[in-house]
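**Student:** Quick note on numbering: the sequence shown equals residues 15 to 123 in the working numbering.
If you are wondering where the hints come from, they were derived from the structure by calculation, not from laboratory data.
C-beta: ideal position from N, C-alpha, C; glycine also.
Fair warning: there could be bad hints in the mix.
[What the hints assert, rightly or not] Each computed DMTMM-like pair below joins lysine to aspartate or glutamate, with the alpha-carbon atoms no more than 25 Å apart:
| id | residue 1 | residue 2 |
| --- | --- | --- |
| 1 | Lys79 | Glu51 |
| 2 | Lys89 | Glu51 |
| 3 | Lys75 | Glu103 |
[Unchecked claim] Quick list of the computed label-pair ranges, beta carbon to beta carbon:
| id | residue 1 | residue 2 | range |
| --- | --- | --- | --- |
| 4 | Ile56 | Gly81 | 18 to 24 Å |
| 5 | Asn116 | Asp82 | 18 to 24 Å |
| 6 | Leu58 | Val111 | 25 to 31 Å |
| 7 | Asn116 | Glu51 | 26 to 32 Å |
| 8 | Gly88 | Gly108 | 30 to 36 Å |
| 9 | Thr59 | Gly81 | 25 to 31 Å |
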Amino acid sequence: MNTGDSQHLKDIRFDREDLKSYTDVAELFDDKTWLSEVTVTIELTTSAPIRNTDGYQWPAKLTMKQGDFALIRGKVSQVPQNRKLVQSEGDITGRYVEGSWNLSTPKKR
């Protein structure tokens with residue numbers, strides 16, 4: 015994503031309903047937002063997932079670092095200092111469907 019190309023995120027089959035609760039991320043998928051110097055890291059914090067009725071569940075840490083500005087719906091905006099580093103912990107559920115992984119967005123514990 016250092017190029018501003020969000021195609022790698024689009025290649026992951028996230029649950030679209032889940033994404034609606036993450037407005038900033040959902041707008042990346044719809045090409046309404048471009049972030050400068052963004053790095054997104056998802057770290058799985060256990061060596062193996064937990065099997066449950068919905069698929070596989072992994073405890074995870076999400077870290078997103080942003081640059082100084084963003085282009086949101088055609089307007090340049092400064093990124094406030096308190097939004098340049100976003101960290102969250104939660105659980106990701108994955109289901110293997112039709113040859114690829116469908117992932118939920120991290121759910122807080």
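**Student:** Compare the structure with each hint and give your call.
**Tutor:** Quick rundown of the hints versus the structure:
1. Lys79 with Glu51: holds, 8 Å
2. Lys89 with Glu51: holds, 17 Å
3. Lys75 with Glu103: The hint holds at about 4 Å.
4. Ile56 with Gly81: 18 to 24 Å: Since Ile56 and Gly81 have Cβ atoms about 20 Å apart, the given range 18 to 24 Å holds.
5. Asn116 with Asp82: 18 to 24 Å: Check failed, 34 Å falls outside 18 to 24 Å.
6. Leu58 with Val111: 25 to 31 Å: Violated - the Cβ-Cβ distance for Leu58 and Val111, about 20 Å, lies outside 25 to 31 Å.
7. Asn116 with Glu51: 26 to 32 Å: holds, 29 Å
8. Gly88 with Gly108: 30 to 36 Å: Holds - the Cβ-Cβ distance for Gly88 and Gly108, about 35 Å, lies within 30 to 36 Å.
9. Thr59 with Gly81: 25 to 31 Å: holds, 27 Å
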